[in-house]
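Chemist: Each chain, written out:
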Amino acid sequence: MIEFGYSLQANRQIDMDLNNLRMLKYIRNNEPSIDWCMSCGTCASGCTAAANCDLSLRRMILMVRRGEEAEIHDLVFRCRFCGKCLNACPRGVNTRNVIYWMQQAVININAL
Amino acid sequence: MKSIAIIGGGVAGLEAATNLSRMGFSVTVIEEKDQPGGKLNQWHALFPNRRPAAEVLASLKNHAKLGINMMLNTRVENIEKNDDGFALALNHNRMITAHAVLLATGFELFDASKKEEYGYGIYDNVITSVDLEQAFEKGIIKTAEGKIPKKIGFIHCVGSRDEKAGNPHCSKVCCITGVKQAIELKERIPDSEIFMFYMDLRMFGRHFEELYKEAQVKHHIQFIRGRLSEAFENQDNTVMIKIEDTLLAKPLKMNLDLLVLLVGMQPSRGIDKILHDLEVEKDADGFLKQADSQLTPSKTNVPGVFAVGTVTGPKTIGETISDARAVTLEIANYLHNKVASKILKNESYFI
Ligand SMILES: Cc1cc2nc3c(=O)[nH]c(=O)nc-3n(C[C@H](O)[C@H](O)[C@H](O)COP(=O)(O)OP(=O)(O)OC[C@H]3O[C@@H](n4cnc5c(N)ncnc54)[C@H](O)[C@@H]3O)c2cc1C
Ligand code: SF4
Ligand code: SF4
Ligand code: SF4
Chain A
302 MIEFGYSLQA
312 NRQIDMDLNN
322 LRMLKYIRNN
332 EPSIDWCMSC
342 GTCASGCTAA
352 ANCDLSLRRM
362 ILMVRRGEEA
372 EIHDLVFRCR
382 FCGKCLNACP
392 RGVNTRNVIY
402 WMQQAVININ
412 AL
Chain B
74 MKSIAIIGGG
84 VAGLEAATNL
94 SRMGFSVTVI
104 EEKDQPGGKL
114 NQWHALFPNR
124 RPAAEVLASL
134 KNHAKLGINM
144 MLNTRVENIE
154 KNDDGFALAL
164 NHNRMITAHA
174 VLLATGFELF
184 DASKKEEYGY
194 GIYDNVITSV
204 DLEQAFEKGI
214 IKTAEGKIPK
224 KIGFIHCVGS
234 RDEKAGNPHC
244 SKVCCITGVK
254 QAIELKERIP
264 DSEIFMFYMD
274 LRMFGRHFEE
284 LYKEAQVKHH
294 IQFIRGRLSE
304 AFENQDNTVM
314 IKIEDTLLAK
324 PLKMNLDLLV
334 LLVGMQPSRG
344 IDKILHDLEV
354 EKDADGFLKQ
364 ADSQLTPSKT
374 NVPGVFAVGT
384 VTGPKTIGET
394 ISDARAVTLE
404 IANYLHNKVA
414 SKILKNESYF
424 I
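Keeping their order, the protein sequence lines are chains A and B.
Using the working numbering, the first residue of the first sequence is number 302, and each one after it goes up by one.
Using the working numbering, the first residue of the second sequence is number 74, and each one after it goes up by one.
To be clear, the hints were calculated from the coordinates, so they are not data collected in a lab.
Incorrect hints may appear among the rest.
As the list claims (entries may be wrong) - In silico lysine-lysine, BS3-like type, Cα no more than 30 Å apart, as pairs:
{"hint": "1", "chain 1": "B", "residue 1": "K291", "chain 2": "A", "residue 2": "K326"}
{"hint": "2", "chain 1": "B", "residue 1": "K355", "chain 2": "B", "residue 2": "K112"}
{"hint": "3", "chain 1": "B", "residue 1": "K315", "chain 2": "B", "residue 2": "K259"}
{"hint": "4", "chain 1": "B", "residue 1": "K346", "chain 2": "A", "residue 2": "K326"}
{"hint": "5", "chain 1": "A", "residue 1": "K326", "chain 2": "B", "residue 2": "K326"}
{"hint": "6", "chain 1": "B", "residue 1": "K154", "chain 2": "B", "residue 2": "K75"}
{"hint": "7", "chain 1": "A", "residue 1": "K326", "chain 2": "B", "residue 2": "K223"}
{"hint": "8", "chain 1": "B", "residue 1": "K259", "chain 2": "B", "residue 2": "K187"}
{"hint": "9", "chain 1": "B", "residue 1": "K326", "chain 2": "B", "residue 2": "K346"}
{"hint": "10", "chain 1": "B", "residue 1": "K355", "chain 2": "B", "residue 2": "K411"}
{"hint": "11", "chain 1": "B", "residue 1": "K355", "chain 2": "A", "residue 2": "K326"}
{"hint": "12", "chain 1": "B", "residue 1": "K326", "chain 2": "B", "residue 2": "K112"}
{"hint": "13", "chain 1": "A", "residue 1": "K385", "chain 2": "B", "residue 2": "K326"}
{"hint": "14", "chain 1": "A", "residue 1": "K326", "chain 2": "B", "residue 2": "K259"}
{"hint": "15", "chain 1": "A", "residue 1": "K385", "chain 2": "B", "residue 2": "K411"}
{"hint": "16", "chain 1": "B", "residue 1": "K223", "chain 2": "B", "residue 2": "K291"}
{"hint": "17", "chain 1": "A", "residue 1": "K326", "chain 2": "B", "residue 2": "K286"}
{"hint": "18", "chain 1": "A", "residue 1": "K326", "chain 2": "B", "residue 2": "K75"}
{"hint": "19", "chain 1": "B", "residue 1": "K224", "chain 2": "A", "residue 2": "K326"}
{"hint": "20", "chain 1": "B", "residue 1": "K346", "chain 2": "B", "residue 2": "K291"}
{"hint": "21", "chain 1": "B", "residue 1": "K315", "chain 2": "B", "residue 2": "K223"}
{"hint": "22", "chain 1": "B", "residue 1": "K112", "chain 2": "A", "residue 2": "K385"}
{"hint": "23", "chain 1": "A", "residue 1": "K326", "chain 2": "B", "residue 2": "K411"}
It should be emphasised that the depicted structure is a prediction, and the values quoted were computed from it without experimental measurement.
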């Protein structure tokens, strides 16, 4: 076979018609302050884990809001629960709780 | 008695007329439409407190009732400047004179059909924020097929911050208008999902940021940063949009029952003849040039010609009212000083 140098990549598109917002609803029920997030990124800028991995609470909250479930599966467990983001967040989001319930959502995904 | 001709009877013209008349000047308002009030006639409820627009309009009209010569359905055909002030030729061969002219001709709404790629006027379920205000006024929110919309998207900056559309400026009021309308929709259709597509959220005014948070927290409205390049119509008349979710750096697609375009303000093009006659200058953005945007924002480059309200750029109603009160003082100073300087045989006006 001739190698053209092309390869297929997984579809990166966020499809809001197919995506399910069950994670968002579940986390919101347990920690309503997830809705206070305004995507400023203060949490991620000081995150103690972010230097070594792709962890960003800002991005994870957005992924939950868009129903991009697969995206947070591994990332959410990189958090060390140090709580720096909790001090930093200007809107007072209970960040550690949000992350805890994100983890619960991932673990219990089939029950949501 | 010194006289003032106010061209335009919107919020700015009405409020300035009331105050100038109360100060003892002879005031004529020249309004081209058959009723005063300008755009306020088209709004249902006002941001941020959702007060009925009709209430504010009634109050403005009521104040402007006494002692003001209100000329409706009236257009200025020609203006001449002379030693004593201005001579205005109006339609139906009428003529008035005035010692000062106040331009209160407001703004023009961006014509959304000019952004053809968004499908306004082509796709059935694409409407503007102005159409939505009118739907709220009538109390009927339906898709073109008569269904209750369940998925609704708002596009910010339609015809604003868009140099190709001829409007590089931010219209200032559409972000907050969108947030207000999203909340109103959600209250009327509680099981609907609402998405705002924005470039920046400009919640500049008092209580605006709080309304934005209320939209997120109480109404679960989603804010997605990204600018729409084009909308498509599906066979079932729903609208498909594709944008980049720029905060996640990923393409995003969704179908909507209703797409609302948040149209902005642009300089009104219908006053070019008046500006030409008066030799009043515009700025590069098309709104009138202010003699000094910090110190004398309501003076134009021509002595005796003043400007108030959105003719000098996007403003809220509150800002327009403040501006109208400020111009009152500016005009009064000018007319008094003109008398004083004539007594002193000083040819030049006190600027
Ligand atoms: C979608 C939208 C929603 C808005 N909602 C709100 C809100 O909720 N709260 C708020 O504070 N502000 C709101 N605004 C802003 C508000 O509409 C303006 O602040 C206000 O209308 C400005 O008043 P104005 O008198 O400067 O201009 P206009 O309202 O444009 O009035 C100008 C008047 O001049 C007349 N005129 C124009 N040219 C001539 C001419 N050549 N001869 C004679 N007459 C002429 C017009 O007929 C009109 O009556 C909104 C704006 C938009 C675009
Ligand atoms: S609690 Fe987790 S997300 Fe927050 S700063 Fe610490 S490691 Fe980062
Ligand atoms: S700091 Fe708070 S508001 Fe900002 S992105 Fe993080 S969680 Fe959201
Ligand atoms: S107020 Fe908001 S929607 Fe309107 S032009 Fe400015 S940024 Fe765009």
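Chemist: Checking one constraint from the list: CA of B:K112 to CA of A:K385, max 30 Å. Satisfied?
Modeler: It is violated: about 49 Å lies between the C-alpha atoms, which goes past 30 Å.
Chemist: Are the Cα positions of B:K223 and B:K291 separated by 30 Å at most?
Modeler: Holds - the C-alpha atoms of B:K291 and B:K223 are around 17 Å apart, at most 30 Å.
Chemist: Please work out if B:K346 and A:K326 have their alpha carbons no farther apart than 30 Å.
Modeler: violated, 58 Å
Chemist: Has the given pair, A:K326 with B:K259, been kept, meaning a C-alpha gap of at most 30 Å?
Modeler: The given pair, whose Cα atoms are some 17 Å apart, holds under the 30 Å limit.
Chemist: Quick one, are A:K326 and B:K326 close enough, alpha carbons at most 30 Å?
Modeler: The hint holds at about 21 Å.
Chemist: Could you grab the alpha-carbon distance between A:K326 and B:K75 and see if it respects the 30 Å cut-off?
Modeler: violated, 66 Å
Chemist: Tell me if the straight-line CA distance from A:K326 to B:K286 falls inside 30 Å.
Modeler: Between A:K326 and B:K286 the Cα gap is close to 18 Å, so the pair holds against 30 Å.
Chemist: For the pair we were handed, B:K346 and B:K291, check the Cα-Cα distance against 30 Å.
Modeler: violated, 49 Å
Chemist: Run the distance test for A:K326 versus B:K223: straight-line Cα separation, threshold 30 Å.
Modeler: holds, 18 Å
Chemist: Just to be careful, I want the Cα atoms of B:K259 and B:K187 compared with a cutoff of 30 Å; is the pair within it?
Modeler: holds, 29 Å
Chemist: Check the hint pairing A:K385 with B:K326 against an upper bound of 30 Å on the C-alpha distance.
Modeler: Distance of about 35 Å is beyond 30 Å: violated.
Chemist: Next pair to validate is B:K355 with B:K112; report whether the Cα-Cα distance is within 30 Å.
Modeler: Given that 30 Å is the threshold and the Cα spacing comes to 22 Å, the pair holds.
Hints 4, 9, 11, 12, 13, 15, 18, 20, 22, 23 from the list above are not met by this structure, while the remaining hints are.
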